[in-house]
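J.: Put together the whole structure using the sequences plus the hints.
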Amino acid sequence: MPVLRGFLWLLGFLLLGESVVVLGQIPVSGGVAGMLLMTAWLLQRGCLNPDIAAASQPLIQMLAMLIMPGVVGVFFIVDDFAGQWLAVGVALIAGTLLSVLTTFWLMCRFMPRNGDQDD
1 MPVLRGFLWL LGFLLLGESV VVLGQIPVSG GVAGMLLMTA WLLQRGCLNP
51 DIAAASQPLI QMLAMLIMPG VVGVFFIVDD FAGQWLAVGV ALIAGTLLSV
101 LTTFWLMCRF MPRNGDQDD
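Numbering (the numbering used here), first residue to last: 1 to 119.
Any given hint could be a false lead.
[What the hints assert, rightly or not] Per label pair, the in silico range of CB-to-CB distance: (1) P69 - R5: 23 to 29 Å; (2) A82 - F110: 41 to 47 Å; (3) L86 - L11: 36 to 42 Å.
No wet-lab data here; the hints were simulated from the structure.
We put the CB at the ideal spot given by N, CA and C, even for glycine.
T.: Below is the structure:
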């Protein structure tokens, strides 16, 4: 039952993000807005909801499969990028570097150090 409740939490934040984007006419994906709203809510609470953790673990394991439709969809709009490949390339490289640096920072911050482990 925790997985179902967690999935409903995730779906609720997705719908809230979609609502904010549509009502506010914000040029951002509803999923991204929902994720930002959920992040703000979790930071305000100060702890992770165990139901959300239970629902997100299986989704993280299938992350590559969840991203694949968007990557494949790019091939159908490749003509729209004509003349903008430099901007696309810079965005891809900068986004990848920022993603790696953020992941490294979070890993260093939250992983236990050798002296902190209880044996």
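J.: Look at each hint and say if it fits the structure.
T.: Status of each hint after checking the structure:
1. P69 - R5: 23 to 29 Å: With a Cβ separation near 26 Å, P69 and R5 satisfy 23 to 29 Å, so the hint holds.
2. A82 - F110: 41 to 47 Å: Once the Cβ atoms are compared, 43 Å apart, the range 41 to 47 Å for F110 and A82 holds.
3. L86 - L11: 36 to 42 Å: holds (38 Å)
Going down the numbered hints, you'll see the structure goes against none, and every one checks out.
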